[in-house]
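Numbering (mature numbering (1 follows the signal peptide of the UniProt record, and there is no 0)), first residue to last: -22 to -1, 1 to 151.
Some clues are possibly wrong.
Unchecked claim - With a Cα cut of at most 30 Å, we get these calculated BS3-like pairs of lysine-lysine:
| # | residue 1 | residue 2 |
| --- | --- | --- |
| 1 | K52 | K89 |
| 2 | K124 | K64 |
| 3 | K52 | K71 |
| 4 | K89 | K71 |
| 5 | K124 | K71 |
| 6 | K52 | K124 |
| 7 | K89 | K124 |
| 8 | K64 | K52 |
Keep in mind the hints are simulated off the structure, nothing from the lab.
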Amino acid sequence: MKKTSIVLMLLINGIIITPAFSADGTLTFNAKVYESACEIELSQSVQLADMPTGMLLNVNTVPGTYQDFEIELKNCPQQTPQARIKLEGTAAKGNSSAFSLDEPDAVATAKGLGLYIQGSGGRITPNQTSGNYTLDTTPGNINKLKFSAAYVVTGAVQTGTANVTTQFTVIYP
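Based on the sequences and whatever the hints tell you, model everything.
Set out below in structure tokens:
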């Protein structure tokens, strides 16, 4: 009797309790394949003029002139008619629009200075992008994206090295 009731309960449970089934779904992955991006000149050094502390008296002023420099993009494919440049870095103490000097707390580093960088569309602040640059996509052409840089006084100036390093990323809008 006991075996019969267990078998009967199993049969009833099999009828009453139906297994849960899930519906089949589909995942679709999409992408475009296009020509590679422009070739870039990876590293360069821009020499700015040395300055005596007597020129560096007024906060938020640019004591010298802007130094022009270029970023070259070569062999840009037709799918990239424009580019913007993102400059990565830390904002200077006292001026969030300026780039901080390398190792600002080091004894040998100058104090009270930052670096302004101008590009297409005006000043480029740390971790922001320039305006659009129109690219010549004719094979073999070199695009020279024009920029300029100058030191800006951000506080009380002390002598030392005034180096700034920034990484750049080319963005194709």
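Status of the hints after comparison with the structure:
no.: 1; hint: K52 <-> K89; in the structure: violated, 38 Å
no.: 2; hint: K124 <-> K64; in the structure: holds, 14 Å
no.: 3; hint: K52 <-> K71; in the structure: violated, 36 Å
no.: 4; hint: K89 <-> K71; in the structure: holds, 10 Å
no.: 5; hint: K124 <-> K71; in the structure: holds, 27 Å
no.: 6; hint: K52 <-> K124; in the structure: holds, 14 Å
no.: 7; hint: K89 <-> K124; in the structure: holds, 28 Å
no.: 8; hint: K64 <-> K52; in the structure: holds, 18 Å
When the structure is compared with the earlier hints, violations turn up for hints 1, 3 and for no others.
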